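Input sequences plus hints: build the corresponding full structure.
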Amino acid sequence: MPAEKAIPVAKPASKPGDVKIEQKLEGVIQEEKPVANKITVGHVHMSGCTGCLVSLADNYEGLFKILDDYADLVYALTLVDVRHVPEMDVALVEGSVCIQDEMAVEEIKETRRKAKVVVALGACASYGNITRFCRGGQWNQPQHESYLPIGDIIDVDVTLPGCPPGPQSIRNVCVMAYLLLQGTDEQKALAAAYLTPLMNLAKRGTEACGCDLMYDVINQGLCMGCGTCAATCPVRAITMVYGKPQVDRDLCIKCGACYAQCPRSFFNFDVINEFESITELIGAAMGQGGE
Amino acid sequence: MVLGNYKSAVAARSTDKGILSASQDGGIVTQLFAFALDEGIIDGAIVAGPGAEPWMPEPVVATTKAELLAARGTRYTISPNMALIKEATRSYGLDKVGIVGTPCQMQGLRKAQLYPIGMRDVPDKIALAIGIFCMENFPYQGLETMVEDHCTVKMESAVKMDIGKGKFSVYTERGGLSQIPLKLTHKYEQPGCHVCLDYVSNLADVSTGSVGTPDGWSTVFVRTKVGDGVWARAVDAGCFETKPIEEVKPGLELVTKLATDKITKNQKTVEARASFGVKADGSGKALRNPYL
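Chains as they are written, first to last, in my numbering: chain A, 6 to 296; chain B, 71 to 362.
Calculated from the structure, these hints are not laboratory results. Among the clues, some could well be false.
25 Å max Cα-Cα, derived PhoX-like pairs, lysine-lysine [stated by the list, open to error]:
#1 B:K349 x A:K208
#2 B:K166 x B:K195
#3 A:K70 x B:K195
#4 B:K355 x A:K208
#5 B:K87 x B:K230
#6 B:K338 x B:K235
The structure displayed is predicted, hence computed values, not measured ones.
So, in structure tokens, the structure goes:
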């Protein structure tokens with residue numbers, strides 16, 4: 006005779022007595038005093054490393070201030086249980102797009118359709134960065150070989166390079182995006198002026214490299230040897246030799262920080278001359294008060 | 071606006087004879103950083119220290135008065151001080167960074183504070199930025215040619231170099247003085263200086279330079295709240311001898327004239343770049359303009 010099949014024991018009708026339910030959460034908890042006119046922000050994760058999101062989080066209490074007063078985080082798979090790309094005022098997109106990954110391509114297109122402002126957050130979204138070096142051939146998707154910065158698939162409004170972009174730069178972009186969408190006319194004008202160079206970077210293209218310092222600064226007769234590029238390079242690929250940048254191109258990961266940070270790439274006097282008042286304004290917005 | 075925003079302008083010099091013994095002018099940068107170090111306003115400063123070759127500066131993070139003293143004197147060649155701005159907040163572990171630099175380096179600094187693209191933690195850790203006046207700079211090989219060929223002085227023998235009153239002057243350790251008209255130095259200027267629209271470090275907290283005041287003194291602009299606070303404390307502490315700028319010759323009039331000359335000339339260069347080449351339709355083809 007065949008062995009008798011084990012019959013599953015029926016689940017107890019009621020929970021065992023040693024499990025205590027202290028509190029039951031019901032529905033969505035509303036903020037006690039919702040702040041009016043918050044903008045909606047989403048974090049869209051393409052082929053990135055989450056380092057850009059960590060960089061946003063590294064604003065510490067500054068991030069809480071932003072979420073308390075200026076922005077609702079409506080989408081971020083790492084932090085929020087919202088499964089599909091919703092409507093957003095600002096989409097912070099990190100990572101590049103693998104064009105052999107159908108879902109990734111669909112998600113970036115969906116992001117453009119759903120977002121008023123698309124920010125390429127970090128070097129991968131902006132310029133491809135380390136994913137420029139991808140060429141497939143690894144298990145278990147050896148055909149996943151082509152990665153493009155998001156600007157090659159969708160129109161990007163604001164490019165914020167850096168690997169990772171500095172926390173303070175993401176904070177500044179968030180605060181300025183809020184002022185642009187919800188501020189007074191004066192604040193809107195300031196925010197537009199602040200964001201203009203980052204919008205121009207988006208228009209400039211999706212390629213970046215230490216070579217940019219040659220093509221667009223030294224070759225153009227604009228380098229004055231300040232050394233900023235060497236400081237900003239995350240992999241120390243730039244040394245200053247007789248006062249000019251020397252790029253070790255086999256070290257360079259193509260993040261675009263050196264060119265973007267160079268004071269001879271963009272230098273908008275209208276904004277930077279006001280560094281003292283703008284720093285104070287951002288400080289005040291972040292609740293840091295006066296001096 | 072050729073002199074930028076400022077709260078006050080004075081003629082000043084350090085009261086420390088030790089500092090003045092080898093300072094370029096009034097010892098303002100060395101004295102102000104030394105005071106700021108003592109008072110804990112900064113815990114280090116990026117300055118142009120001695121480099122690998124004679125008269126070649128090397129950016130260093132100075133955390134002692136001795137290191138500040140070693141950086142005294144103008145080196146008329148490029149010292150990429152901004153190259154250390156992030157490292158000062160990393161392995162050096164500084165929380166309150168001082169930096170001295172030319173106008174363009176002050177521009178790089180303020181851009182890094184407002185648009186800190188690869189400059190994590192830098193914006194909030196800048197405690198005191200001192201800018202120096204700068205008409206133009208020279209590549210090292212250009213300076214070498216000016217000193218060794220035109221002035222016939224060995225680089226190692228020079229103890230001071232100075233640009234003023236239309237001349238480039240080299241003083242030697244044995245008391246010699248060799249001068250050439252500034253005109254002869256023009257071709258050795260760093261090309262990137264020709265699009266610079268700032269003479270007196272408009273974006274510094276405090277800026278200082280030689281022009282406007284007698285030898286041994288400096289012209290000082292106090293520009294920001296930070297600069298105002300530090301300067302007032304240093305003056306109260308007796309660090310500086312000061313005179314109202316109106317009472318010294320040639321005063322702000324000459325500073326304004328030179329600043330206007332520099333900006334007018336370089337603005338023309340910037341504009342000429344807009345039609346540097348030729349397009350197919352015969353109109354001008356532009357070189358890049360960083361200010362647009």
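Hint check:
1. With a CA separation close to 22 Å, the supplied pair B:K349 and A:K208 stays within the 25 Å bound.
2. Of the supplied pair hints, the one linking B:K166 and B:K195 holds, its CA atoms being roughly 5 Å apart against a limit of 25 Å.
3. A hinted pair counts as satisfied when its Cα atoms are at most 25 Å apart, and A:K70 with B:K195 qualifies at roughly 21 Å.
4. Between B:K355 and A:K208, the direct Cα distance comes to roughly 19 Å. Compliance with the 25 Å bound is thereby established for this hinted pair.
5. Distance restraint check for B:K87 and B:K230: the Cα-Cα separation of roughly 18 Å lies within the 25 Å cut-off, and the hinted pair is therefore satisfied.
6. Simply put, B:K338 and B:K235 have alpha-carbon atoms about 24 Å apart, close enough for the 25 Å limit, and the pair holds.
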